[in-house]
Amino acid sequence: MATHKAFTQEWLDAWKQKIAGSQEYKEIAKEWEGSVGLICNADPSKNIPNPVYLFTDYWHGDVRDFLVCDETKVQTAKFIMTGDYARWKQVAKKELDATKALMQGKLKLKGDLTYVVRNVKTINKVIDLLTEVQTVWPDDV
Amino acid sequence: MQNGYAGKFLQVDLTGGACSSFTIQEERLKKFIGGSSLAASLYLERFNLDADPLSAENPLMLMNGPLVGSGFPGSSRFAMAAKSPQTGIWGEAACGGNFGPELKRTGYDGIVITGKSPHPVILSITNNSAEISSAAHCWGKDIYETTDILKAPDKNIKVLAIGPAGENLVIFSAIANDKAHFIGRTGLGAVMGSKNLKAITARGNQTRGKANEEKYKEIFKAAIAEIKNSAFAESLHLMGSDAAMDLGMMTGDVPIKNWTVGEDFELSTKLSGPTLTETYLTKAHACSNCPVACKRVVAVKDGPFRTEEGPGPEYETCCTFGTMIMNSDLAAVIKANELCNRYGMDTISAGATIAVAMELYEKGIISLEAADHLDLAWGNMEAVMALLGKIARREGFGDILARGSVSAATHFGPGALDSVAHVKGLDLPMHDPRGFHGMGLAYMMSNRGACHLQHAAMGMEQGMVSWPQLFEMKEDYDGKTSQGKAQLVFDSENYGILGNSLSLCHYLLYCLKPETVRDAFNAITGFNFSFKDLLACGARDWTLKRGINNLLGITVKDDVLPKKILTVLTEGAAEGSVPDMQLLRDEYYAIRGLTTEGIVSKEKLLELGLAELKEKLYP
Chain P
1160 MATHKAFTQE
1170 WLDAWKQKIA
1180 GSQEYKEIAK
1190 EWEGSVGLIC
1200 NADPSKNIPN
1210 PVYLFTDYWH
1220 GDVRDFLVCD
1230 ETKVQTAKFI
1240 MTGDYARWKQ
1250 VAKKELDATK
1260 ALMQGKLKLK
1270 GDLTYVVRNV
1280 KTINKVIDLL
1290 TEVQTVWPDD
1300 V
Chain Z
37 MQNGYAGKFL
47 QVDLTGGACS
57 SFTIQEERLK
67 KFIGGSSLAA
77 SLYLERFNLD
87 ADPLSAENPL
97 MLMNGPLVGS
107 GFPGSSRFAM
117 AAKSPQTGIW
127 GEAACGGNFG
137 PELKRTGYDG
147 IVITGKSPHP
157 VILSITNNSA
167 EISSAAHCWG
177 KDIYETTDIL
187 KAPDKNIKVL
197 AIGPAGENLV
207 IFSAIANDKA
217 HFIGRTGLGA
227 VMGSKNLKAI
237 TARGNQTRGK
247 ANEEKYKEIF
257 KAAIAEIKNS
267 AFAESLHLMG
277 SDAAMDLGMM
287 TGDVPIKNWT
297 VGEDFELSTK
307 LSGPTLTETY
317 LTKAHACSNC
327 PVACKRVVAV
337 KDGPFRTEEG
347 PGPEYETCCT
357 FGTMIMNSDL
367 AAVIKANELC
377 NRYGMDTISA
387 GATIAVAMEL
397 YEKGIISLEA
407 ADHLDLAWGN
417 MEAVMALLGK
427 IARREGFGDI
437 LARGSVSAAT
447 HFGPGALDSV
457 AHVKGLDLPM
467 HDPRGFHGMG
477 LAYMMSNRGA
487 CHLQHAAMGM
497 EQGMVSWPQL
507 FEMKEDYDGK
517 TSQGKAQLVF
527 DSENYGILGN
537 SLSLCHYLLY
547 CLKPETVRDA
557 FNAITGFNFS
567 FKDLLACGAR
577 DWTLKRGINN
587 LLGITVKDDV
597 LPKKILTVLT
607 EGAAEGSVPD
617 MQLLRDEYYA
627 IRGLTTEGIV
637 SKEKLLELGL
647 AELKEKLYP
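Chain order of the listed sequences is P and Z.
Everything in the first sequence is counted per the working numbering, starting at 1160 for the first residue and increasing by one.
Everything in the second sequence is counted per the working numbering, starting at 37 for the first residue and increasing by one.
Everything labelled a hint here was simulated from the structure, so no lab data went into it.
Worth double-checking, as some hints may not be accurate.
Claimed, not checked - As a list, the in silico DSS-like pairs of lysine-lysine whose alpha-carbon atoms are at most 30 Å apart: (1) Z:K253 / Z:K549; (2) Z:K568 / Z:K264; (3) Z:K264 / P:K1232; (4) Z:K191 / Z:K177; (5) Z:K516 / P:K1248; (6) P:K1189 / Z:K293; (7) P:K1253 / Z:K264; (8) Z:K187 / Z:K152.
What the hints assert, rightly or not - Partner residues aside, some chain Z positions facing chain P, computed with beta carbon under 7 Å: (9) I168; (10) A267; (11) E270; (12) S271; (13) A279; (14) D282; (15) L283; (16) M286; (17) P310; (18) G499; (19) M500; (20) S502; (21) M509; (22) D512; (23) Y513.
C-beta: ideal position from N, C-alpha, C; glycine also.
Can you make the complete structure from the sequences, with help from the hints?
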């Protein structure tokens, strides 16, 4: 199976493909509408010299744009989640539950928390599918 | 004193109709801090533990902690305690609201009520004084009516009242503060009713200084910033405690159909915090000095369960009158909640008892005739509403349920007890230990019976908090593992109980850094406690109450989970998982210093400075 460097366009494309190919996701996410911006704070010690901005867009079980982007684009997302690299890596590897990370303040959410709580199953499924992407992490290189 | 304490306690003898006051030495306050911990120390020292819970001899105690009245966020809570009529052992409950701070403003840290009035009375507390007067105009009225009557002369009077359930000694009856905040668990409303005490009011205007005002101001600012920065606090503000429903269904936390079904997303979606917010919420409401405002105010404008604007249901109530009895109509939950509020009944035990009745009805153990011709089919909410009234009034079938789930099941014969999920006589709260084994141990070892608030196990095991500065803990626990959970429960009890002694809401305990809690306590009291000192107070509290329970007959035989929880679910996140009771208990006993019989060891009693208890346990 192909491996992808985390936070690259190829990695996002592979993740998008996993989501788009999941019938279970389509069913779970049929109510979800809106984009999610992901911000990974810079951490030069982990080979993240600058913040990383990702834009992911979901619409009633379908997936739309999945882009490595700039700060301006990410700010247009309906929800924005921000965190340190170490936290994102833990979440992506399912070592840390995303909802717990939010409650503990390890990830920050900008957006309608009520909507997120209502759709927590969708969020968990999206992350489950990310774990299926073979990932090379910047600090593993 | 400028140390957070008012400096005196009110003593009320209802038999003789006399009120007086007493003081407690600072050394004792440093050992037990406040709340139910202080109540337990007085109970052991002064009272006959063998007294029947509903007799004049059983004291009813109300205690504040030193943070109450300070203005610190989440510090409005107060505790009430007595020997419980529901369990026959140590009983306690706490609530937020505004009575605790108001009592502090009258100049009292707490109240110890003994005896029994020959006729219904009200205890009215004002600045440094108290008087007992007739309750003839309130007796028989529900809690909302009583509260309105007693606040009529001055809306700033704070009221604690019982309803018809308490008057009629329903063993899971509650005490309400200003209609919305409940001393719910362990049946203390019945203790109040047994004393013919309909209500307690407080109105004062005294203010208390803090030992270090400047330091406190800094800490207060830090606390507010931490709360503003907390997604947990935000979720509570937006959705109330019922924010837990959606996530709980995913993680196997939510009990369904009297603990027999593992997953039902359709139910949880209809009963969840977001749904409540989008449908019946009219506004959020806060306890005194709380910026979170997690309390719900709701109204159902039409339909069969029309309800005037008033206090809304918590998560627990959305389970007991929702998922537990297979009702997906949130309006019906709101109505059941209002009826329990008005009658004055614990919504957990009331709903859990009805869930047991529905299961026994389905199994044919309870017949239509035995149920007074109420069709107790799952989800029949018209029958539930009728039944709540019959319980409160102790009419017919309602009288059987008014004795509690254990007694009611026993009444219906051998085997019926398997339908009851309880520990030490107290119905389980609405968190399933099959998804979280640590919670199972916490239920087993809680001193008031199955409880989710005598510890912070839920926050720790479910990953809502991270407190590495207090003790070693993982970032993420596997809920369905028993190994190693004893240490988690031990630590979580010591810190959770400490929160109770301080009279700090657990939600705020979850939002605030432990350093902030410690520093606020020290700035207010002038004490200089370290984390170790504070956690030792938590451990002392647990051990003191366990020792009291040992004197009341509690041993290893009582530290057990019910059959319901030892039965595997066949679907959902907790599928196939049950807590390893023996492993959990063995590990816990060793850490807590209990003998194999479940008695507190002499060494542990001496280590924690509980010599008086040692003399009584080992005469």
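message: Name the hints, by number, that the structure is in violation of.
response: Hints 9, 21, 23 not satisfied by this model.
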